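Enquirer: Sequence:
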Amino acid sequence: MTIKPCNAGRAVVGVTANRQFHDGVHRDWLRRRYIEALDRYAYVECVILPTFDSDRHRDVIVNKLREVMRRLDGLVLTGDESDLDPYIFNEQIRVWDCASDDVISGKRDRPRDRLSSVALSIAIELDMPILGICRGLQEMNVHRGGMLNPNLPVTEQGIVHSEIPNVSRDQQYLPVHTIQVVPGGLLSSIIGEGKLCVNSLHNQGITEVASGVQMEAVAEDGVIEALSYSTSRGFQLGIQWHPEWHVATDPTSQKIFTAFGNACQVYQSTGPLSG
3 MTIKPCNAGR AVVGVTANRQ FHDGVHRDWL RRRYIEALDR YAYVECVILP
53 TFDSDRHRDV IVNKLREVMR RLDGLVLTGD ESDLDPYIFN EQIRVWDCAS
103 DDVISGKRDR PRDRLSSVAL SIAIELDMPI LGICRGLQEM NVHRGGMLNP
153 NLPVTEQGIV HSEIPNVSRD QQYLPVHTIQ VVPGGLLSSI IGEGKLCVNS
203 LHNQGITEVA SGVQMEAVAE DGVIEALSYS TSRGFQLGIQ WHPEWHVATD
253 PTSQKIFTAF GNACQVYQST GPLSG
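Take 3 as the starting number for the sequence shown in the working numbering and just add one per residue.
Hints listed in this document are in silico derivations from the structure and should not be mistaken for laboratory results. Treat the numbers as computed from the prediction; the structure is a model and nothing was measured. The beta-carbon is built from N, C-alpha and C at its ideal position, and this holds for glycine as well. Mixed in with the good hints, there may be bad ones.
What the hints assert, rightly or not - Once the Cα atoms are required to be at most 20 Å apart in a straight line, the calculated EDC-like pairs of lysine to aspartate or glutamate come out as:
#1 109 <-> 55
#2 66 <-> 30
#3 109 <-> 85
#4 109 <-> 25
#5 197 <-> 127
#6 66 <-> 83
To be verified - Restraint-style ranges between C-beta atoms, simulated for each label pair:
#7 250 <-> 191: 16 to 26 Å
#8 271 <-> 222: 13 to 23 Å
#9 102 <-> 49: 44 to 54 Å
#10 27 <-> 97: 35 to 45 Å
#11 34 <-> 177: 18 to 28 Å
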């Protein structure tokens with residue numbers, strides 16, 4: 003059954019925060035570029051989902067967050083400078099307890115890992131629309147048991163996936179290499195088939211998708227640039243690049259956010275599938 007009444011208002015999506023430890027104080031934070039793109043092009047309202055420490059058992063967090071997410075119409079897994087810890091996502095050897103190095107600026111953010119692992123489990127359970135961006139794509143693959151290359155080298159094709167240092171942020175988010183969109187997939191139904199030039203700001207990457215995951219786009223060096231959950235009936239898409247940064251001038255990015263927003267609007271009228 004559904005506990006959420008149908009209404010004609012905007013859909014509401016949960017957006018993952020990140021953890022920052024600065025001056026001895028823990029802060030949850032999020033770049034406004036995501037909120038602005040979701041507001042203007044997905045036409046949804048945003049609720050920021052906070053990160054989690056391990057002072058409560060994972061099952062307690064799942065039950066708590068499920069009650070929140072049953073009121074939502076979609077999930078956005080944002081990007082971040084930190085690398086994810088795959089052991090927090092691994093059901094067989096899950097690591098949940100806090101450690102002194104849980105948060106290292108630009109390197110590690112286990113509170114975000116805990117949030118994403120739980121939020122993904124619930125979103126899959128509810129067959130909710132999901133949009134994963136950069137780190138979010140990697141989380142979607144690892145959550146299903148997929149492998150992650152922890153440090154992508156410069157390939158023989160000359161593709162550098164990590165961000166370019168010593169240039170402005172706007173330049174870092176400009177397109178730098180091409181990808182091939184896979185025909186017949188979710189992404190191609192949104193933006194069409196063929197090649198696409200994308201930005202690239204990541205040093206972890208996926209070279210093989212997990213079971214139940216469909217490849218949607220690939221770079222010339224074999225790095226997976228987009229994926230979807232083949233087990234879902236709806237919109238559950240992850241992309242390795244950042245569509246939010248130059249969305250105002252990029253029709254392709256606008257199409258991705260609009261498609262996600264449309265899926266959330268449809269989901270709003272149906273509600274969760276389980277419960």
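Enquirer: Next step is simple, just say for each hint if it's right about the structure.
Expert: Going down the list of hints, with the structure as the test:
Restraint check for residue 109 and residue 55: satisfied, since their Cα atoms lie roughly 17 Å apart, inside the 20 Å limit. Between residue 66 and residue 30, the direct Cα distance comes to roughly 18 Å. Compliance with the 20 Å bound is thereby established for this hinted pair. Between residue 109 and residue 85 the alpha-carbon distance is near 5 Å, which keeps this suggested pair within the 20 Å criterion. A distance of roughly 17 Å separates the Cα atoms of residue 109 and residue 25; the hinted pair therefore holds under the 20 Å criterion.
For the proposed pair residue 197 and residue 127, the alpha carbon gap of about 33 Å is over 20 Å, so the pair is violated. For the given pair, residue 66 sits about 27 Å from residue 83 by alpha-carbon distance, which is inconsistent with the 20 Å threshold. Taking the beta carbon of each, residue 250 and residue 191 are about 24 Å apart, inside 16 to 26 Å as hinted. Between residue 271 and residue 222 the beta carbon distance is about 41 Å. The supplied range of 13 to 23 Å is therefore violated.
At roughly 31 Å, the beta carbons of residue 102 and residue 49 sit outside the given window of 44 to 54 Å. Checking the proposed 35 to 45 Å range against residue 27 and residue 97 shows it is violated: the Cβ atoms sit about 25 Å from each other. Between residue 34 and residue 177, the C-beta spacing of about 22 Å keeps the proposed range 18 to 28 Å intact.
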